[in-house]
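Both chains are sitting in their own frames, so use the hints and assemble them into the complex.
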Amino acid sequence: MSKETHIPVLRLGEEYHSLDTVELESAAGSAVYTHTANPGLIRRDILNLEKSKAALEAVPAETLADYCEAAAELFLHEELPVGNSTQSPQQYIESLSALTKLPHTLVKMNMGKVHAAMSQIRTVIGGLTRNLPLELFDRGLSAVDDLEVNFYPVADALGVSLPSNAPAVNSLWLPAPVLKIPVLLKPGREDPFTPLRIVQSLIAAGFPKEAFGFYPTTHEGGDTILMGCGRGIAFGSDATVRKYSGFPSIQVHGTGRSKVLIGDDYLGKWADHTETLVESISANGGRSCINTSAILVPSGRDELADAVARDLAAIEPLPRDHEEALLCGFSNTEWAGSINDLIDEHLKVEGAEDVTARYRNGSRLVEMHGQTYLRPTLISCADPGHPLANTEFMFPFASVTEMPQSQMLEEIGETLVVSAWTEDAGWIRDLMNSSDIERLNIGPFPTNRVQWEQPHEGNLFEFLFRRRAIQGNLAAVS
Amino acid sequence: MSCDLTVEEAHAALDERVRESMQWHFSPETGCPYWLERASSLGFDPRTEVTCFADIQKFPNFDDEVLRKEDPSRFIPKAFEGRPFNVFETGGTTGMPKQRIGWDDYKTDYSEFSDHYPSDFFPQGGNWLMVGPTGPRRLRLSIEHLANRRGGACFFIDLDPRWVKRLIADGEYSMARKYQEHVIDQAVTIIRHRDIKCLFTTPKLLESLAERMSLVDGGIKGVFAGGTTMTPQYVRFIEEEVLEGKINYAPTYGNTLMGLAISRKREPGEYSLTYYAPQPRAVLRIVDPEDSTRDVEYGDYGRVELTTMTKEFFVPRFLERDEAIRREPCGEFPWDGVGDVRPFQSGTKQVIEGVY
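Chains C and Y, in that order, give the protein sequences.
For the first sequence, our numbering gives the first residue as 1, with consecutive numbering after it.
For the second sequence, our numbering gives the first residue as 1, with consecutive numbering after it.
One chain only, chain Y, in its complex shape (with noise of 0.2 angstroms):
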């Protein structure tokens, strides 16, 4: 994911791709039902009008709501018409879930993920436990394409945060936390009598089995997290205590809809973590919570919008529930990054987040 492009060729790239998005989903020959529908009260035609990023700010914000009131079949590009797909749903959210389908997006997203990191972060060839939501999920398929991929297999243990989020919301404290340790305990079971080197877990789950054991002496070379904030404080105690300094650490941000950001190389003693989209399949933007067209500038908090323009996927202007700093390109990313991110307007309002 990381590129050799300047800044200036960067969002040159990103125009290109937008003008290849445009023509890709709103053309009758490859786009999908719901886009070619949704086109005719757009008011403008993306084909002509949509020609650089820029334009994007024609569309108004995606309402996700669409993700679960349409059959998941209606976003299938003509393209793709005939082709088995797989449907994906989002992560902790009770009641009818949103779901996406996809193709290969998630193979791409892995498979750069895998090439931004050298064979010995990762050690190539390691297998891997994957503890955290499987289920209908994306991810399920993503660590084990990212384990496969690096050469190793993949272990899985399950947790079902739909039934974490029910017992909290009845009060059943004790059993959302004797969940928690039967998770655990299956996860030690695996480290202690599989060869595992590397980990896809949540923080907090990360931290539970590290009270269980050393993640040191069980074997563990590397731990790939997202999933909750990470404050700087967070990550240096995850770092320095958790993975008692000596296991590599990889946080991300990413969902269903987006994939997954990278966080940038830190310094020696640097903890705050930014991180860049896959760009151009993915855009993120920090933006003016009382005016989503408009960018906040670097160095401030704002809402996370997200734009995501694949082959198989379109989603333009999404608000995700999360808020960040704006961040400056980078060289290992010559386009924007969002830093410290956070749960929307947890600066002002106490928001519960991370239940597993």
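The shape of chain C in the complex, shown without the other chains (with noise of 0.2 angstroms):
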């Protein structure tokens, strides 16, 4: 890249200079700025989503497939254009790395998980539609069994606010171009690369550039995105859920709260699974909202902790370009001292103790290799009513707690994964039943464990596209 990047606003595909700027801190010194979408420029392309729907509509949707899967080889391995420059799959790593203190490992696991949405997306598709054909939309129907089935999309595009934290979750609007709804995307204030890189892919594998549109911009502009497209996907906190909860059109991703449930038969086996635990938690820096954030057991929560705190604790900051680095530095330092200072003064209220503090080197709170980072944290609590036993920060972070099996569901409050560690019929109809469970893993799995084909967090199609009864003569469209 040249030493001073701008990345432009892409409107519907054409790139526009804004003079509202933002510079972002980079890779080896070089500058970078995005250019700043006003929210009124952004509701001016709204107005132009026709010529957006009709480049997706004349081209077929297998056809839209095949580009996927072919930008998915470019996305990983190729040089593309970034603004007035090109980004090769290094420089991409290097300069998400610089803006989102992720360690390169995690930058090339997030890039291999898009690279795999993409490249499996006839399979995402699949999964959303139950394996209907993609012709349906080309012509809208579709043949199920004898039975016409006539579905309608419901938006006439779909609006992201994306965040900065995880590059992997871009995987979740993928379909979209695919099912010839149009993208408009408002990139985290520091990973503007990957939808960007993304969509320069998917237009350079064929996509009329015409179906996306990238703009870097105010909270008023991502709400103009997210308000005006039809549907809306937000990420964010429990105050972002909050925020939008009175619009049925936006779905929001807000904190996990992911948690591994431990039957009662599995006291006994639970110890052959630590590394799992382990893992759970601290996998892509405990970053991602199906990270495990609590762990509830029946008995032996000591014993747990200790045998989980222990291991946690040895995951020690490494540079970012370390090829064993895990835990991610804060791109906001104050932001690290503020969730440590809140841990702290939880840790005041009776009946929790940080276990981790037994065997880490230090204290939770670092200053490293240039960056500042939060060591693992495990905090043993007595209550699952204590403050620390169902919370959620960006580090690798987790309670754990004890409390009968027959508890559990009653507790657990609404949970993006649930791993029940279990073979018992009964307890698994009952979390099979329960309506807090947004992500269900049953056995002795991780909770960041993804299948493609078994979307979470709501159903992209369903969201996007709505059934209608059709009877009569189809011939002139079948």
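Just so you know, these hints were derived from the structure itself, not from any lab.
In this text the structure is predicted, and so the values were computed from the model without any measurement.
Just so you know, even glycine gets a beta-carbon here, dropped at the ideal spot from N, CA and C.
Honestly, I wouldn't trust all of these hints.
Unchecked claim - Straight line, CA to CA, 30 angstroms or less: simulated DSBU-like cross-link-like pairs of lysine-lysine:
| no. | chain 1 | residue 1 | chain 2 | residue 2 |
| --- | --- | --- | --- | --- |
| 1 | C | 51 | Y | 204 |
| 2 | Y | 78 | Y | 98 |
| 3 | C | 209 | Y | 246 |
| 4 | C | 113 | C | 209 |
What the hints assert, rightly or not - Partial pick of chain Y residues on the chain C-facing surface, computed with a CB cut under 10 angstroms:
| no. | residue |
| --- | --- |
| 5 | 208 |
| 6 | 232 |
| 7 | 234 |
| 8 | 241 |
This is the structure we're talking about:
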């Protein structure tokens, strides 16, 4: 890349250089500027979505799926445009790492996840549509057994307000353009690179450029995208969930509070799977909503907490380019300090112990390798009502709480992923009937285990399309 | 408002205005009860000790809460006694509003504004449409005066910003959106059914209006807008896309206490705005937020401070809730300008502005 990289707005495929720019910290002393789209500019583009839809309509969905598969390879291996420059895969890794403080290992892992979602787009869409043929999106009709079914899009476009801390979540919107729904993206401040790289790979593979809007913008601009497109996806905290709770057209991916529930029948077996628990808490630097944030166990809390804490505490901050680096630095160092202070404050409430402190080499909050880190932390809680028992932070953090198996489903609250370690058929039925669980793993699996054909947090196809009863003479469209 | 004076001559005229104002507002024969009583607690005699604009620093910053607490009649200068007056209220304030009385100031301000623009900028004889807060605001009469002065009539669509603020505070976003649509619907109807050439509105309403119809196709030739921050990007967007590069645009900065500051002419491709107060009637300084007696350097951001000195009204050193860049005098206006105005401390704090 050149010394000064400008990342312009993409207005339904057309580059637009704004006079409002934001300078980002970047790799190797080069300056990166994102160009900020004002909300009115986005609204005017939304008025022109017909062109985007027409451009997608002109290409068969099977071809679009082919393009997406081809784009997967471009995304992973090729040099792609970034504004006035180009970016190789290695430059992408270094640039994203510099901005987000994700170590290179995790950027590569996230690249792998995005690549997998793109290269397996047919499997992903099959999982969303229960294997309806892609011609549905060309004709609006498809035969299921002997029955013609008609699905119609309920939105002109999908608007997505992306986070900065999790590049792989871009895989959630990827099916939309293959389903012929234009996509308008607001990148997270620190990660303009991932959505742009995906968009550029899709365009390079053959997608019409009009299908994509890329808008670095303000909060108001983000709201404009989410509310103006007909359907929106946002990522964020509990506050984000509350903010959009009155808008059924906006799907919010908030805090996960994902949990491992250990059944009575696994009490004697968990020790064989300590490594799984550690991975479940710490994979992806503990930044994902599918990372475990709480472990519930019927008995033996102290023993389990000690074993997991010992291994977690062994995970040390390493330089971002170290091949074994797992922990992420904080791009906002004040934020790290606030989290650390909050945990210490809550530890003053009786009934909780930071078990990792027994084994940790130094304090939780640490400056190393030119960055600020929070070291992995496992809290043992005597009371499920303790303020640290069911919370989530952006680093490897989890609690261990003891309660009878029969109480667990009453206590967990809304949970994105539950890994229930059990073979108890009756309890499995209860788990499957729970309305609090979004995604359920049965067996000794980590919560971050993802199967592409099993989408979590809402089905994008059902979010974007609605089925309509249709009958009569359909020969003209069959 | 633009003038042929040199910077030095303009400065001398301002000093002269200060001397006249002190005699007027602090003499029992001409001054108002509020200032005559206030003079006793100032610790100096404005008539003898404030003889140039630099001496205005002797006044403390004006507390505009006074305009909420005091009965407006206490601001009637003796010389105006017996003349009916207008009571104007500030924009979106809720609760007890701030009030200012007036007689002819708004006509003076808007006559000068009109004289600043050539006859084809806002076509002479063309009708105007004002879309925005009317009610007890100075702006409503001002725009009508402006239209009349240029030989046209003025149509009005009201928007009550106090109601919008309340809807937003109550989380009634959908109702706020409906209200805005209701306002825009009415504006579109008037533009389509009457011969409107000129428009006054806020930038946000202007955007919304242009999302519903082409203002060029609607016959609009000139737009006068003010009320919220306009960054260079925003001005460019308004001119290039909202006004399709074909409609004259006059962004202004103003309020009930000052009148209005015109933005100087810009070169093609230049979008940064610099406003100039209607000096000597009103003066804008850009001051150090920590010490408002000190001007910031040219090119630096500081807080906007207003001093108004007309025969009807005197406000010394009122600190606006805005900040701006101090800009050099220019050919059109030989006194300091204020550039790229934005809400005070918006560079460091998130500020919500522009509810309409």
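Inset, instruction - Sort out whether residue 98 (chain Y) lies within 30 angstroms of residue 78 (chain Y), counting only the CA atoms. - result: Since the Cα atoms of residue 78 (chain Y) and residue 98 (chain Y) sit roughly 22 angstroms apart, the hinted pair holds (cutoff 30 angstroms).
Inset, instruction - For the hint on residue 234 (chain Y), just tell me whether its beta-carbon gets within less than 10 angstroms of chain C. - result: 6 angstroms, holds
Inset, instruction - With a cut-off of 10 angstroms on the beta carbons, see whether residue 232 (chain Y) makes it to chain C. - result: Since chain C brings a Cβ to about 5 angstroms from residue 232 (chain Y), closer than 10 angstroms, the hint holds.
Legend entry - Minimum beta-carbon distance criterion (10 angstroms), residue 208 (chain Y) to chain C: 9 angstroms, holds
Inset, instruction - Answer holds if the nearest beta-carbon of chain C is closer than 10 angstroms to that of residue 241 (chain Y); otherwise answer violated. - result: Since the shortest Cβ distance to chain C is 6 angstroms, the answer is holds.
Inset, instruction - Mind checking the alpha carbons of residue 113 (chain C) and residue 209 (chain C) for me, to see if they're no more than 30 angstroms apart? - result: Roughly 24 angstroms separates the two Cα atoms, so the pair holds.
Inset, instruction - Given the hint that residue 51 (chain C) pairs with residue 204 (chain Y), test it: the Cα-Cα distance must not exceed 30 angstroms. - result: Given that 30 angstroms is the threshold and the Cα spacing comes to 26 angstroms, the pair holds.
Legend entry - 30 angstroms Cα cutoff - pair residue 209 (chain C), residue 246 (chain Y): Holds: residue 209 (chain C) and residue 246 (chain Y) sit about 29 angstroms apart, inside 30 angstroms.
Violation of the numbered hints given earlier is absent; every hint is satisfied by the structure.
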